[in-house]
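Participant: Respectively, the protein sequence lines represent chains A and P.
If you read the first sequence in this note's numbering, its first letter stands for residue -2, the second for the next number, and so on.
If you read the second sequence in this note's numbering, its first letter stands for residue 33, the second for the next number, and so on.
Please note: incorrect hints may appear among the correct ones.
[Said to hold, decoys possible] Here are the simulated lysine to any residue pairs, SDA-like style, with alpha carbons at most 20 Å apart: (1) A:K26 to P:P121; (2) A:K85 to P:R67; (3) A:K85 to P:R72; (4) A:K85 to P:E70; (5) A:K65 to P:E66; (6) A:K85 to P:V68; (7) A:K26 to P:L43; (8) A:K85 to P:E126; (9) A:K85 to P:D122; (10) A:K85 to P:D156; (11) A:K94 to P:A130; (12) A:K85 to P:S45; (13) A:K94 to P:D123; (14) A:K94 to P:G152; (15) A:K85 to P:M33; (16) A:K85 to P:A165; (17) A:K85 to P:V157; (18) A:K85 to P:P44; (19) A:K85 to P:D69; (20) A:K65 to P:D64; (21) A:K85 to P:E66; (22) A:K65 to P:G127; (23) A:K85 to P:V55; (24) A:K85 to P:L43; (25) A:K85 to P:G152; (26) A:K85 to P:D155; (27) A:K26 to P:S45; (28) A:K94 to P:E126; (29) A:K85 to P:P121; (30) A:K85 to P:D64; (31) A:K94 to P:S45; (32) A:K26 to P:P44; (33) A:K65 to P:E126; (34) A:K85 to P:D144; (35) A:K26 to P:R48; (36) A:K94 to P:P121; (37) A:K85 to P:D123.
Hints in this document: simulated from the structure, not taken from any laboratory.
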Amino acid sequence: MDLSLSTRTEGDRTVVVVGGEIDVYTAPKLREQLIDLVSSGQYHLVVDMEGVEFLDSTGLGVLVGGLKRVRAHEGSLRLVCTQERILKIFRITGLTKVFPIHTSVEEAVAATD
Amino acid sequence: MALVELLLSPLPSHVRTARLVAVAAARRAGLDDERVDELRLAVGEACSRAVGLHARHAPDVPVRLTVADDVSGLTLTVSDAGPAAGPVPDDPAEGMLADEPHHGLDGHGDPDVALAVLNGLVDDVTVKTEPGATVVTMRWPLPAGAGPRTTIVAQR
Chain A
-2 MDLSLSTRTE GDRTVVVVGG EIDVYTAPKL REQLIDLVSS GQYHLVVDME GVEFLDSTGL
58 GVLVGGLKRV RAHEGSLRLV CTQERILKIF RITGLTKVFP IHTSVEEAVA ATD
Chain P
33 MALVELLLSP LPSHVRTARL VAVAAARRAG LDDERVDELR LAVGEACSRA VGLHARHAPD
93 VPVRLTVADD VSGLTLTVSD AGPAAGPVPD DPAEGMLADE PHHGLDGHGD PDVALAVLNG
153 LVDDVTVKTE PGATVVTMRW PLPAGAGPRT TIVAQR
């Protein structure tokens, strides 16, 4: 399965819904999406990963890149993920310390810390 | 021993092909589902690392993947012709957050982060490296009695 991307606005947050596989082949599409959002002034992003079936370190690199971009504008990048097989790679790389990871979009949108 | 061997031109799209082939071979060898998930990510990391290195340093040379199974278990190797592997970072997150000019610039990930993921993910992984010849070898035990999932119906 390829990568699917859609975005919607919830209050001052932009929710990016990602589905399918994020790997070295599809990651550039996600990176472009994140860059476009930041370029258009959207600095508070919630990336909903519940529909992601595969994520490797290339995909992690893109998410870290997105985080660095929003941070440059005092923004935030929150993840929504409850899938153990996806969370595992965040733990292995130590990125659970870097990204706020939420169990639902509602929780991520409401989060302010 | 049963063997599957694959040569991949260093194109990002072929990394998915490599995952599909390795997963199919592992399932056929009888690897259980949880370890198949682990193998899918591991082969993806090893192949995207190798493909990235070849794209930068040896674009005309294919990456080699083998999946072999015998009584001792399942062995997967990914061989590349890139520079020797660097030290595996202790804290990959820190490295990814730091401004590293090579990171992500050409669409490929950081080869050292990929190795860190492999080390954290797979219990039995070895990296034999020298300039132009790096082989990542990963092994998984197979459940007792595992083998090709073929049912042979006795003929009367």
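Participant: Give a verdict on every hint.
Facilitator: Hint check results:
1. A:K26 to P:P121: violated (27 Å)
2. A:K85 to P:R67: holds (13 Å)
3. A:K85 to P:R72: Distance ~13 Å between A:K85 and P:R72 Cα, so the pair holds.
4. A:K85 to P:E70: holds (10 Å)
5. A:K65 to P:E66: violated (33 Å)
6. A:K85 to P:V68: holds (14 Å)
7. A:K26 to P:L43: Within the cut-off at roughly 16 Å; holds.
8. A:K85 to P:E126: holds (17 Å)
9. A:K85 to P:D122: holds (17 Å)
10. A:K85 to P:D156: Measuring from Cα to Cα gives roughly 17 Å; hence the hint holds.
11. A:K94 to P:A130: holds (15 Å)
12. A:K85 to P:S45: With Cα atoms ~24 Å apart, A:K85 and P:S45 exceed 20 Å; violated.
13. A:K94 to P:D123: holds (11 Å)
14. A:K94 to P:G152: Since the Cα atoms of A:K94 and P:G152 sit roughly 16 Å apart, the hinted pair holds (cutoff 20 Å).
15. A:K85 to P:M33: violated (32 Å)
16. A:K85 to P:A165: Not OK: A:K85 and P:A165 at ~30 Å, beyond 20 Å, violated.
17. A:K85 to P:V157: holds (18 Å)
18. A:K85 to P:P44: violated (23 Å)
19. A:K85 to P:D69: Distance of about 11 Å is within 20 Å: holds.
20. A:K65 to P:D64: violated (38 Å)
21. A:K85 to P:E66: holds (13 Å)
22. A:K65 to P:G127: holds (13 Å)
23. A:K85 to P:V55: holds (19 Å)
24. A:K85 to P:L43: Distance ~26 Å between A:K85 and P:L43 Cα, so the pair is violated.
25. A:K85 to P:G152: Within the cut-off at roughly 10 Å; holds.
26. A:K85 to P:D155: Distance ~14 Å between A:K85 and P:D155 Cα, so the pair holds.
27. A:K26 to P:S45: holds (13 Å)
28. A:K94 to P:E126: With a Cα-Cα distance of about 10 Å, the restraint between A:K94 and P:E126 holds, given a limit of 20 Å.
29. A:K85 to P:P121: holds (18 Å)
30. A:K85 to P:D64: Judged against 20 Å, a Cα distance of about 18 Å means the pair holds.
31. A:K94 to P:S45: violated (31 Å)
32. A:K26 to P:P44: holds (13 Å)
33. A:K65 to P:E126: holds (12 Å)
34. A:K85 to P:D144: Holds, at roughly 18 Å.
35. A:K26 to P:R48: Given that 20 Å is the threshold and the Cα spacing comes to 16 Å, the pair holds.
36. A:K94 to P:P121: At roughly 16 Å apart (the allowed maximum being 20 Å), P:P121 and A:K94 satisfy the hint.
37. A:K85 to P:D123: Holds. A:K85 to P:D123 sits at ~15 Å (cutoff 20 Å).
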